[in-house]
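Those sequence lines, one after another, are chains G, Y and E.
Using full-length UniProt numbering, the first residue of the first sequence is number 1, and each one after it goes up by one.
Using full-length UniProt numbering, the first residue of the second sequence is number 1, and each one after it goes up by one.
Using full-length UniProt numbering, the first residue of the third sequence is number 1, and each one after it goes up by one.
To be clear, the hints were calculated from the coordinates, so they are not data collected in a lab.
This one's a predicted model, so the numbers in the text were calculated from it and none came from an experiment.
Check each hint, because a few of them may be wrong.
[To be verified] Listed below are the simulated DSBU-like cross-link pairs for lysine-lysine, each with C-alpha atoms no more than 30 Å apart in a straight line: (1) G:Lys220 x Y:Lys74; (2) Y:Lys130 x E:Lys239; (3) E:Lys220 x Y:Lys130; (4) G:Lys336 x G:Lys98; (5) E:Lys220 x E:Lys79; (6) Y:Lys55 x Y:Lys74; (7) G:Lys285 x Y:Lys195; (8) Y:Lys55 x G:Lys220.
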Amino acid sequence: MKNGSFSSFVAKEWRHILRERRTLVMLFAIPLALVLLFGYVISTDIDRTPIAVLDSSHGDPLTRRLLRKLTAADQFRIVDEVRRETDIDAAFKKGTVKMVVVIPSGFGSDARRYGGAQVQLVTDASDLNVATTIIGYASGIVADLNAELNAAQGLSPAADAPLRINVRMMYNPELKSAYMFVPGVIAMIVMIVAAMMTSVTLAREKETGTLRLLTVSPLKARTIVLGKVVPYFALTAVNTALIMLLGTLVFGMPCYGSVWGVALLCSLFILSAIGLGILISSLVKTQQSALTSSLLGLLLPTMLLSGFIFPPANMPVVLQWICQAVPATWFIEGVKGLMLKGQPVTDVWLPLTVLGGMTVLLIGLALWMFSRRERPQP
Amino acid sequence: MIEAEGISKTRGGTPALDDVSLHVPQGTIHGLIGADGAGKTTLFDILVTLLRADKGTAVVGGYDTATRWREVRKTVGYMPAAFSLYGDLSVRENLEFFARIYRQPVENIVSLVGDIWRQIEPFADRPAAKLSGGMKQKLALCCAMIHDPAVLMLDEPTTGVDPTSRSEFWTALRGLADRGKTVLVSTSYMDEAAKCDCITLLHRGTVLDTLAPGQVAGHYRGTLYEIGAADTAHNTRLLRLLRGWSLSGGCYSFGDRIHLGMPLPGIRTETVVSYLRGQGTDTSLISVCPVRPTVEDLFIQLTSGAETEDSLKADNP
Amino acid sequence: MTQEGKNIIVQHLTRRFGDFTAVDDLTFGVERGEVFGFLGANGAGKTTAIRMLCGLLKPTSGRAEVAGYDVARRPEQVKRRIGYMSQRFSLYDDLTVGENLQLFGTIYGLRRAALRERTEEMYRKLEMEPLKNQLVGGLPPGWKQKIALSAAMLHRPEVLFLDEPTGGVDPLGRRRFWELILDAADEGTTILVTTHYLDEALYCNRTLIMADGQMKALDKPRTLMREYGARDMDDLFGKLTRSTAVPDTTAKEGEA
Chain G
1 MKNGSFSSFV AKEWRHILRE RRTLVMLFAI PLALVLLFGY VISTDIDRTP IAVLDSSHGD
61 PLTRRLLRKL TAADQFRIVD EVRRETDIDA AFKKGTVKMV VVIPSGFGSD ARRYGGAQVQ
121 LVTDASDLNV ATTIIGYASG IVADLNAELN AAQGLSPAAD APLRINVRMM YNPELKSAYM
181 FVPGVIAMIV MIVAAMMTSV TLAREKETGT LRLLTVSPLK ARTIVLGKVV PYFALTAVNT
241 ALIMLLGTLV FGMPCYGSVW GVALLCSLFI LSAIGLGILI SSLVKTQQSA LTSSLLGLLL
301 PTMLLSGFIF PPANMPVVLQ WICQAVPATW FIEGVKGLML KGQPVTDVWL PLTVLGGMTV
361 LLIGLALWMF SRRERPQP
Chain Y
1 MIEAEGISKT RGGTPALDDV SLHVPQGTIH GLIGADGAGK TTLFDILVTL LRADKGTAVV
61 GGYDTATRWR EVRKTVGYMP AAFSLYGDLS VRENLEFFAR IYRQPVENIV SLVGDIWRQI
121 EPFADRPAAK LSGGMKQKLA LCCAMIHDPA VLMLDEPTTG VDPTSRSEFW TALRGLADRG
181 KTVLVSTSYM DEAAKCDCIT LLHRGTVLDT LAPGQVAGHY RGTLYEIGAA DTAHNTRLLR
241 LLRGWSLSGG CYSFGDRIHL GMPLPGIRTE TVVSYLRGQG TDTSLISVCP VRPTVEDLFI
301 QLTSGAETED SLKADNP
Chain E
1 MTQEGKNIIV QHLTRRFGDF TAVDDLTFGV ERGEVFGFLG ANGAGKTTAI RMLCGLLKPT
61 SGRAEVAGYD VARRPEQVKR RIGYMSQRFS LYDDLTVGEN LQLFGTIYGL RRAALRERTE
121 EMYRKLEMEP LKNQLVGGLP PGWKQKIALS AAMLHRPEVL FLDEPTGGVD PLGRRRFWEL
181 ILDAADEGTT ILVTTHYLDE ALYCNRTLIM ADGQMKALDK PRTLMREYGA RDMDDLFGKL
241 TRSTAVPDTT AKEGEA
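In isolation and in its complexed conformation, chain G is listed as follows (with noise of 0.2 Å):
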């Protein structure tokens, strides 16, 4: 009859959990909101987008041709000059200037003579969505510019191109991808629902006197701390799900790897933020440590050492090692590489390895340190 008393233990779980109907609503709604938020401030609509230029061919005609055809769409308009290659990362930084068109010397003959002529299109991809937008647009205007040179010289328009376009992204040499909020958005709530609600319920059942209760009743301390990952692992399954399905339905976040890999990525990484959260209530009092344990204990490195924020790779050698200790670094990892790269699970097996370890590890110290309170103690 062990069935017996679990499952009137989840059911009790259940009932707490819904009976709190602000913190269940809070729950969805914080998620949406983040969401719709990151994805909302990652536009994807230009129109008459600042760029510079620099012309090293001193205004030779196909040069001038391409930049009226450039400004015609009233897509880009040109608002700076640039004078030297060096003069480029100051236009940036001036912020007035989204692209750089740079046109080497000889463009015109270049393309005549050879058949082929390189016009590098330089972007700030600090905001990456961005960047890739406007290449895209400027790209199919080159384009349309090749096909029209084409056909002046009777070819067809599928022809060799003569001018090649080549992309330089500024300032994002990982090229971090803007989709990176919806992992980044998921590590958050799993560390609210799975590890902070964890930790706080437990620590209430301290705190009111329960777990006395429930020590002394034939429950094991296996069940109840069973009965807790069970309740609080669907919630935050339902609720990553959620966030995933937003992320790529309505913003469009595609996913070139297995959707069973990163189910299981999801799940280890839940898993493990339980098992964090079990560990936080054994060794606080109240709810009120319990909360604030979690905060920022949990929480905030999330939110900072996971790569979600600052790439780990421009801080010290010793928050990198922290880094690493942080399950959402490697979840978000494994969703980058899952999602985003489309490697195959075999490719991720490291992520996955090391969240498999912390759930097993951390998941069997909160048993063996409830297990531990179950005897007398001295």
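Knowing the structure of chain G, use the given hints to seat chains Y and E on it.
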């Protein structure tokens, strides 16, 4: 049914219990009387096997609390000091939850504590947090009784509960004892001592005395006098006079009266009256008569010798 | 003041929460320097009545004057002139005795010099000078209560409300605590006290017994016992409240 021998326990560097012994036969109510910080909760923690004693042995329901704690837990129904049920669950849900973790049919409650259950049944669908103090304690008792334990351990079940509900609660306890349950109950209300079969006075971790409530007068040293002034405004002066008296064994206001302990034998009412007259008091407006000491008087007598940092001599000039 | 010498005047005081009448047409007066007991089961309306008298809750009808000010119209004036102490909340455990007293003194607007003088006086009176730098959390309950009382009296309130002040204290501690209360009354402080220890009602000059929001009796405790032929306060309380006590009303009262 409860046999504790020489229990000592140190908590956080300070002794919480020092050589405490307790013997509670089956079917009786044993009261643990003491203030906050007397060590009542620590003793309960040891007897319900949440804590291990540093020294001494405790056997509950025939099982040693140190080695057979699993069996002890099945034998004991426990009510911790604070309200320890789920406030967001209804009365019925709380009861059902405890029934299921003890693997008992919830209907058993009617045969076990039907009289108490009937009192809270009208509120079965109300969240436990919204019950009155007395009702909460009755629900907690029902939950503690759901597995039909032979021994009940109730830590301050009546604290903060109003007098009417308190007396109802005691009636319920008596009913359980009559049906053979062994009840250990702690309280800081001295007047509840009278409802126990036997009481242990606990003060700062040590047992002051163990006795039946009827034996209080016999355990009191000397005679207790009650002094009443027609005008209570005189009480402060009377207290000062009596406290300065070398024969006095402690003197405290007791409501509008003054209780004066005279520990030496051979003191008569006249001795007190003439002392007061000698101090210039108009004794025609004052009544002095010997009274039966209460548990509280005994408690004061037993603790006043040992007072240390609690001492207070505010009325000394 | 409408009635000479009275520090609390209550006339037809009523408070309803929806359909539920927590306090029903209460009328009484308390003299300056009187110790006035307020007895009743949980949910009888004591807490609601006290909250109105402290200016925390507006009466539905009727009026009350505390320390010369109408509680509904001048609650700020009332709050400045009263002290409140309860067993449940009184002090910050993680502050020292001195810090607690300083905090409560400052809350009541005592100037630095006055605060120092009053604090020194309390230390002297309760002989707690050596405890001044100790954390309140580690003190025995009897001491906590005395310090809480000192904190409530630091600003020399005209009226002192004590809500179950002596729970959990040993008998000796309770006696001494009551002697402090009686001393304060001798010095002219008006005291309104609720308690679950019925024998403590005998310390009061007069006792009001409430049930179902209504006043059931009001007189000297011994007079009441005689009148109702009661053996002791317990018996009296039972006779006056048992027939009508409805224990499940606390929630409404507590929440409102």
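Practice item. Could you check the structure against the hints above and give me the numbers of any it violates, in ascending order? Key: Hints 3, 7 are the ones this structure does not satisfy, whereas the remaining hints hold.
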